[in-house]
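K.L.:
In order, the protein sequence lines correspond to chains A and B. Position 462 of the first sequence, counted from 1, bears residue number 462 in my numbering, the numbering being contiguous throughout. Numbers in my numbering are just positions in the second sequence, counted from 1, shifted up by 1000.
What the hints contain is simulated information worked out from the structure, not anything from laboratory work. Please note: incorrect hints may appear among the correct ones.
[Said to hold, decoys possible] Pairwise CB distance ranges, derived in the manner of DEER restraints: (1) 54(A) to 1059(B): 39 to 49 angstroms; (2) 1345(B) to 83(A): 27 to 37 angstroms; (3) 1331(B) to 40(A): 45 to 55 angstroms; (4) 1321(B) to 441(A): 31 to 41 angstroms; (5) 390(A) to 1169(B): 54 to 64 angstroms; (6) 81(A) to 1344(B): 14 to 24 angstroms; (7) 1399(B) to 390(A): 12 to 22 angstroms; (8) 1059(B) to 167(A): 40 to 50 angstroms; (9) 62(A) to 1072(B): 54 to 64 angstroms; (10) 1415(B) to 472(A): 43 to 53 angstroms; (11) 1054(B) to 49(A): 39 to 49 angstroms.
A quick note: this is a predicted structure, and the numbers were derived from the prediction, not measured. Cβ atoms here follow ideal geometry from the backbone N, Cα and C, with glycine treated the same way.
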Amino acid sequence: MEANDKKQNQDKVLNEVANSDYKYGFVTNVDSDTIPKGLNEDVIRLISQKKNEPQWLLDYRLDAYHKFMNMPQPDWAHLEIPPIDLQNIVYYSAPKTKPDKESLDEVDPELLDTFNKLGIPLEEQKALSGVAVDAVFDSVSVKTTFQDTLEEKGIIFCSFSEAVQNHPELVRQHLGSVVPPDDNYFAALNSAVFSDGSFCYIPKGVKSPVELSTYFRINAANTGQFERTLIVAEDDSYVSYLEGCTAPQRDENQLHAAIVEIVANKGAEVKYSTVQNWYPGNKEGKGGIYNFVTKRGLAKGANSKISWTQVETGSSITWKYPSCILMGDNSIGEFYSVAVTNNYQQADTGSKMIHIGKNTKSTIISKGISAGYSQNSYRGLVKMTGKAENGRNFSQCDSLLLGDKCGAHTWPYINTFNESSIVEHEATTSKISDDQLFYCQQRGLDEEQSINLIVNGYAKEVLNKLPMEFAVEAQKLLSISLEGSVG
Amino acid sequence: MNKEVTTQHKVDAQFVERFYQNEQQILNGDPEYIATMRRDAIKSFEKAGIPRHPMESWRNTDLDPALDLNYTHELKRDKQKINIHDIFQCQVHNFETYLVSQLNGYYAFTDSAIRELDNGVIIGSLREAFHKYPDIVKAHFGKYAKTDSHGLVPLNTAFIQDGLFIYVPENVHVDIPIQMVNLTKSTEKLMMFPRNLVVMGESSKMTLVHCDDSIEQKESFTNAVSEIFMAKNSELDYYKLQNKDDKAVMVNSTYFHQKDNSNLSTNTISLNGGILRNDIDVTLNGQNCHADILGLYLMDRKQHVDNQVYVDHAQPNSYSNELFKGIIDDEAKAVFNGHIMVRKDSQQTNAFQSNQNIQLTEKARVIAKPFLEIYADDVKCSHGATIGQLDTEAMFYLRSRGICEHNARMLMMYAFAAQVVNLIKIDALKDRIDNMVVKRLKGELSICDQCVLHCKDDREISFDIDLSNI
Chain A
1 MEANDKKQNQ
11 DKVLNEVANS
21 DYKYGFVTNV
31 DSDTIPKGLN
41 EDVIRLISQK
51 KNEPQWLLDY
61 RLDAYHKFMN
71 MPQPDWAHLE
81 IPPIDLQNIV
91 YYSAPKTKPD
101 KESLDEVDPE
111 LLDTFNKLGI
121 PLEEQKALSG
131 VAVDAVFDSV
141 SVKTTFQDTL
151 EEKGIIFCSF
161 SEAVQNHPEL
171 VRQHLGSVVP
181 PDDNYFAALN
191 SAVFSDGSFC
201 YIPKGVKSPV
211 ELSTYFRINA
221 ANTGQFERTL
231 IVAEDDSYVS
241 YLEGCTAPQR
251 DENQLHAAIV
261 EIVANKGAEV
271 KYSTVQNWYP
281 GNKEGKGGIY
291 NFVTKRGLAK
301 GANSKISWTQ
311 VETGSSITWK
321 YPSCILMGDN
331 SIGEFYSVAV
341 TNNYQQADTG
351 SKMIHIGKNT
361 KSTIISKGIS
371 AGYSQNSYRG
381 LVKMTGKAEN
391 GRNFSQCDSL
401 LLGDKCGAHT
411 WPYINTFNES
421 SIVEHEATTS
431 KISDDQLFYC
441 QQRGLDEEQS
451 INLIVNGYAK
461 EVLNKLPMEF
471 AVEAQKLLSI
481 SLEGSVG
Chain B
1001 MNKEVTTQHK
1011 VDAQFVERFY
1021 QNEQQILNGD
1031 PEYIATMRRD
1041 AIKSFEKAGI
1051 PRHPMESWRN
1061 TDLDPALDLN
1071 YTHELKRDKQ
1081 KINIHDIFQC
1091 QVHNFETYLV
1101 SQLNGYYAFT
1111 DSAIRELDNG
1121 VIIGSLREAF
1131 HKYPDIVKAH
1141 FGKYAKTDSH
1151 GLVPLNTAFI
1161 QDGLFIYVPE
1171 NVHVDIPIQM
1181 VNLTKSTEKL
1191 MMFPRNLVVM
1201 GESSKMTLVH
1211 CDDSIEQKES
1221 FTNAVSEIFM
1231 AKNSELDYYK
1241 LQNKDDKAVM
1251 VNSTYFHQKD
1261 NSNLSTNTIS
1271 LNGGILRNDI
1281 DVTLNGQNCH
1291 ADILGLYLMD
1301 RKQHVDNQVY
1311 VDHAQPNSYS
1321 NELFKGIIDD
1331 EAKAVFNGHI
1341 MVRKDSQQTN
1351 AFQSNQNIQL
1361 TEKARVIAKP
1371 FLEIYADDVK
1381 CSHGATIGQL
1391 DTEAMFYLRS
1401 RGICEHNARM
1411 LMMYAFAAQV
1421 VNLIKIDALK
1431 DRIDNMVVKR
1441 LKGELSICDQ
1451 CVLHCKDDRE
1461 ISFDIDLSNI
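Given these sequences and hints, build the entire structure.
P.N.:
Written as structure tokens, this is what we have:
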């Protein structure tokens, strides 16, 4: 009897997993304020005007736009990018809101419902988990929780637009200081049309008591999302920052080009974790998000530390290289990544570590998993400049192949210009060994469960770096993403 | 910016112009099928041009400054007998070889330009082979060198001066190694286009030693292409020794094409040279192939070495292993780019790649790019790259045993290099190269010391401490 129940329960769980292709693929019916499609100077002026921006920011946008117009789309990545029609994209879409929201009750209930579905109930998070959330819906930041607690400590955590209004001097000082507008094609596009994002400032000596979190969601059709995150950590401060993303299922591709900038001053530590789960497209490779992200941290002061952790399971195309510029002496850069691709997904992701200061250290651990017809590449650069005495890097990039139609590639670049640095790189590519599978299966797990177990074990080194709530979500995501990939 | 572009194009255009203006001289009686290939090649070159910076694999080697010099390009040389022994003597002890040589890009011979040995092996000038053995040439020539990778290969095809042709028939084991010595000796700045073709029949076996040497310090530009075909069950040991002068610029593109069960072992040892670029391209187009691709480079002063290794696993069940080690001193620059490609359905592939560098000075530069591109799942592939210094703990250990710093350094560098040198299968050659490495590390080896094959120096070279017991 009991065994029967258990069996039924198991079946239920299995069914749930089997049917949950992409559980975030719903569309929320909220009225939105959407500007016409197309990219031109007027659109940029309109965005700037809607956000009531100061002149210097408009100039910054226009400057970026002009630079963007002279840049070709990069083609060096191991990706097949279908032509992107920039004129067929809506660059600004905001949920229509009633003015002057004072509390969560006033937020559009539909919106709240969306965030509940996403598993980030603002209310609950506020009360229980102690995570301050800034949610970005389509293009604008919807609600930031936990303001009061943070304010006490002097931490500024708000939407980018608010920051522009309330802390213009801070934004002006740091905007573009790590990722200049002409850094690359997609960064230039973002700098011209970015709509909103999060801004975070940790004052000197403050250790953020809660983890800060942003949730990004693309909802409206034909919109691109161009958000911008700027984190400034003053001397001896600490912050852990989480980012999550989802989008509805749509047949056409949507563009996402974001920028994340981090400035870590003397002795500061910033930990940035991402669980990227944009809609990956269907089993035939139709639809899905094009995810072109520029993430860079500047370890500016001595003894500062920047740590990137990412779990990449979504997007039909991922182009993303979170990097660290280790400028301060003794600064540390870390990059931990799990990238999963299935069906027709393509990912070209990795990290750059630029060592400038003395005794700087960096670690890169990258785990790629490819299944179905997908292509998964690691691309990274470790550069020891002449001044980076005693620089140290260790990189490990492993790839796991599930199925014989997919590809796993590794493109590491190592440049050293001084005699006291030590750089090590190693990588392996293999499939799950039959021995491991046999072992799990003879212990009573079926093939799919066994693979899940092995994959989770393989990615453990990275998952361990994630904050707890995220780690659980990431583990689930891994199993869902690989769903159906077993021969 | 614009100015740069025009000068670059100028060099390219000059080559094309030179070809059309001197076509008859260049062809110099070549059979029609070769003439056609040359004409096609210059057209391919016109499209591709000299490979330059934005090309991924040419980012770190810039040929333009070298190409700007005013070279003497010897378009044709009438058949003439050269007694190569007048120029150099080979005195490597216990190393009996069949010696062939090329002087300034042309095949050197005393009596006949090409000859067929008793066992059916054909060795000689490629230009002669075009006429005498068209069937073999047609079946293989130009079939393996990739014209789409960069413009230097079609440029070579268009301007081929001469080169070595070797044919080993089925089941023949060539019992003594064949040595090819390419010498540059001229008072003028020379530009050379040697081309080699090696065809190995089924179940044949051969050892080939390929040496590139300079006799004087003089600017030169060599654009060499070699094609090597290995039929089923064949076995080839291929050693390439490069000991050029600091003013020499040499691009060496070598294409290996392997069939079922063939076994290749190649070892590229770069001791000196101004700019050395080695493109080693191995296609494993058969099952159960085995390829060991080894390399050692010891660079100092302002020397530049760029090793590009591409291993293409086009069929299942093969094995490849790359090991490249280098010591980089002074302001030298070393580039390594390994690329393993495992094609779809090339299951059961084992491919390994390792690149290790010791960087001795602040101004030395090391760039390593170990790439994997894999489209099959049942494979074992790995790569590793390290850049570092001599191990301080090992240094401490040696010094605490009373060995001075200089000797301890020598000992450790020697041991580092020995991992590659020890894999040389011919003892006499191994000892000789071992000695050269020691001399090189001591900074005593220069081109006038003469290389393995024409060494007049009988002195035993010994370390300050006795290394024979290690």
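K.L.:
Each hint should be assessed against the structure and marked as holding or not.
P.N.:
Consistency of the hints with the structure:
1. 54(A) to 1059(B): 39 to 49 angstroms: 42 angstroms, holds
2. 1345(B) to 83(A): 27 to 37 angstroms: About 31 angstroms separates the Cβ atoms of residue 1345(B) and residue 83(A), which means 27 to 37 angstroms holds.
3. 1331(B) to 40(A): 45 to 55 angstroms: 51 angstroms, holds
4. 1321(B) to 441(A): 31 to 41 angstroms: Given a distance of about 33 angstroms, which is inside 31 to 41 angstroms, the answer is holds.
5. 390(A) to 1169(B): 54 to 64 angstroms: Once the Cβ atoms are compared, 59 angstroms apart, the range 54 to 64 angstroms for residue 1169(B) and residue 390(A) holds.
6. 81(A) to 1344(B): 14 to 24 angstroms: Since the Cβ atoms of residue 81(A) and residue 1344(B) sit about 21 angstroms apart, the hinted range of 14 to 24 angstroms holds.
7. 1399(B) to 390(A): 12 to 22 angstroms: 21 angstroms, holds
8. 1059(B) to 167(A): 40 to 50 angstroms: 42 angstroms, holds
9. 62(A) to 1072(B): 54 to 64 angstroms: Cβ of residue 62(A) to Cβ of residue 1072(B): about 56 angstroms, so the range 54 to 64 angstroms holds.
10. 1415(B) to 472(A): 43 to 53 angstroms: Since residue 1415(B) and residue 472(A) have Cβ atoms about 50 angstroms apart, the given range 43 to 53 angstroms holds.
11. 1054(B) to 49(A): 39 to 49 angstroms: Holds: the Cβ-Cβ distance is about 40 angstroms, inside 39 to 49 angstroms.
The structure meets every hint from the earlier list without exception.
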